[in-house]
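Number of protein chains: 2
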Amino acid sequence: MLDYKLLEAMAAVVDEGGFERAARVLHLTQSAVSQRVKLLEEQSGQILLVRSHPPQPTEAGMRLLKHCRQVRRLEDDLDVDLNLAGDSFTTLPVGINADSLATWFLPAMQDYLAERPVLLDLRSDDQDQTHRLLRDGVVLGCVSSRSEPFQGCRCDYLGHMDYRLLASPGFRDKWFSGGFSAKSLSRAPMLIYNRKDEMHVLLLQRVLGACPDLNPFYVPSSGRFADFIAQGLACGMLPEQQCGELVAQGRLVNLIPGESERVDLFWHCWNIESSVMDSFSRALKAGASRLLARNR
Amino acid sequence: MLDYKLLEAMAAVVDEGGFERAARVLHLTQSAVSQRVKLLEEQSGQILLVRSHPPQPTEAGMRLLKHCRQVRRLEDDLDVDLNLAGDSFTTLPVGINADSLATWFLPAMQDYLAERPVLLDLRSDDQDQTHRLLRDGVVLGCVSSRSEPFQGCRCDYLGHMDYRLLASPGFRDKWFSGGFSAKSLSRAPMLIYNRKDEMHVLLLQRVLGACPDLNPFYVPSSGRFADFIAQGLACGMLPEQQCGELVAQGRLVNLIPGESERVDLFWHCWNIESSVMDSFSRALKAGASRLLARNR
Chain Z
1 MLDYKLLEAM AAVVDEGGFE RAARVLHLTQ SAVSQRVKLL EEQSGQILLV RSHPPQPTEA
61 GMRLLKHCRQ VRRLEDDLDV DLNLAGDSFT TLPVGINADS LATWFLPAMQ DYLAERPVLL
121 DLRSDDQDQT HRLLRDGVVL GCVSSRSEPF QGCRCDYLGH MDYRLLASPG FRDKWFSGGF
181 SAKSLSRAPM LIYNRKDEMH VLLLQRVLGA CPDLNPFYVP SSGRFADFIA QGLACGMLPE
241 QQCGELVAQG RLVNLIPGES ERVDLFWHCW NIESSVMDSF SRALKAGASR LLARNR
Chain W
1 MLDYKLLEAM AAVVDEGGFE RAARVLHLTQ SAVSQRVKLL EEQSGQILLV RSHPPQPTEA
61 GMRLLKHCRQ VRRLEDDLDV DLNLAGDSFT TLPVGINADS LATWFLPAMQ DYLAERPVLL
121 DLRSDDQDQT HRLLRDGVVL GCVSSRSEPF QGCRCDYLGH MDYRLLASPG FRDKWFSGGF
181 SAKSLSRAPM LIYNRKDEMH VLLLQRVLGA CPDLNPFYVP SSGRFADFIA QGLACGMLPE
241 QQCGELVAQG RLVNLIPGES ERVDLFWHCW NIESSVMDSF SRALKAGASR LLARNR
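So the sequences go chain by chain: Z and W.
Just so you know, full-length UniProt numbering puts 6 at position 6 of the first sequence, and the rest follows in order with no gaps.
Just so you know, full-length UniProt numbering puts 261 at position 261 of the second sequence, and the rest follows in order with no gaps.
Mixed in with the good hints there might be a few duds.
Stated by the list, open to error - Chain W stretches covered by chain Z per the calculated footprint, using a threshold of three residues with CB under 8 Å from any CB of chain Z:
no.	stretch
1	184-197
2	214-220
3	264-272
To be verified - Using 30 Å as the maximum straight-line C-alpha spacing, the simulated DSBU-like pairs for lysine-lysine come out as follows:
no.	chain 1	residue 1	chain 2	residue 2
4	Z	K285	W	K183
5	W	K174	Z	K196
6	W	K5	Z	K196
7	Z	K183	W	K174
8	Z	K196	W	K183
9	Z	K66	W	K196
10	W	K38	Z	K174
11	Z	K38	W	K196
12	Z	K5	W	K66
Since the hints were derived computationally from the structure, they do not count as laboratory data.
Virtual Cβ for every residue (Gly too), placed ideally from N, Cα, C.
Between the sequences and the hints, there should be enough to build the whole structure, so can you do that?
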């Protein structure tokens, strides 16, 4: 069998983002961690880690990491079944899109998390990026907009979020007094999460035929996104879950009535027999079905 | 003089995170962008971009980028002074720590932003990481915990945020019924933003002499951090600005009364004569002095 002490050292370097932090977590010296990774590379005859800041696993390193995480998950389940670990915690590394984390994820999972000795290791990214975390072996499961399952993974539909182009009433009056058009839009500031965020492009291409040149105002904060829009600083795309109350209060209005961009969300996780993964998946699906709209 | 068309192409590739996106923004074909970057590399006799995903500037590339951004800033100011640009916007790339963005930044800047044709290109990271964005030429200014100015930059004190170790009353009763100690803490879940977040380590080292092994629960969302703690899922470090109301309502309590970890915040920006940078800096300092505590 593989020497899991060596694998554990490599996984810690990747998880913690460096040899020094890995040493701290494993209660080893930094040189001992370094030795273990080197030995694992000699045994497998391949470079497993690129020594960058932070260190990055190579393709071979990712494959080993994924295996290591699956074994650890099975082992944690064994601990729970045999009560080996007493009252200690088990950790689930999960990828989640920033908008889900900012909205429905906590209400969906708080009862489950309050009752179980489960710690989450959440990694956040855009909904069309989180599946990379799963593919690369960083997480055991992820919430993603990708509908095709990965090899060796299950994929369940969770529900959808509808994004509308919203603005404050004052902003609409200032920039769109002559109605909504590509021309008026190209003069107004547009709030965008970051360069990977293409939600507005998809909507505008569909509604206007093409996305005009915009005045991008970048705010990489899901929690603050709605506030920048409500303050009248820009228009921007918000899901129902994040703007419902502000729309009801009349503080936000839809700039393109009747039009929205739908994002279907899916739960991807490795197809391993793990009671903790199973119960987490069940709770997530149940919570999503309460808090997200569903179209199938 | 340098060929700024070529520099602009390289800057767009870095800013937009790829040749394809850069081409879209510049209204060029992808191969034209590629040609321009190659030509700039030939002229300067150095590799400027590592062709990774996303492309990364080399040391020489960063130096050129920084220069390009400074020239663009001066040019934008000229546009404003001579009214060349009409009613168009000017963009300020700014680095900001996630906790500031989640708390005082918008209230501090909303009046300024509402009155001026300024778009922000905000980049977010930990307070001890944002200065790298300035050093690497990604932003023109940053809010950072670093107190030493960079060469060619100004550095102004903004104020401080005090972080306390907080929990819900139920969480305190469950895990700390015998009082707060390293032992009781080592059994309880601890909310941590991500692997770079060391706030709790600093406090615990000071109060307990050493940081015990913890049960880390990672939630990379400033906006949701307080909610996970208020739900009783973990204890965690929160600044006054983010927990004041919850503490006043009795929904959060301080686990180590009288102890907090102070983070001084500074505004770093390039020392170039730019009226927009100047007015932005003035507004930021005035806003911070209203919303942050100050100790000097």
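How the hints compare with the structure:
1. 184-197: holds (count 4)
2. 214-220: holds (count 6)
3. 264-272: violated (count 0)
4. Z:K285 to W:K183: 36 Å, violated
5. W:K174 to Z:K196: 42 Å, violated
6. W:K5 to Z:K196: 25 Å, holds
7. Z:K183 to W:K174: With Cα atoms ~59 Å apart, K183 of chain Z and K174 of chain W exceed 30 Å; violated.
8. Z:K196 to W:K183: 44 Å, violated
9. Z:K66 to W:K196: Distance of about 23 Å is within 30 Å: holds.
10. W:K38 to Z:K174: 44 Å, violated
11. Z:K38 to W:K196: Within the cut-off at roughly 25 Å; holds.
12. Z:K5 to W:K66: At roughly 45 Å apart (the allowed maximum being 30 Å), K66 of chain W and K5 of chain Z break the hint.
Violation of the numbered hints given earlier is confined to hints 3, 4, 5, 7, 8, 10, 12; the remaining hints are satisfied by the structure.
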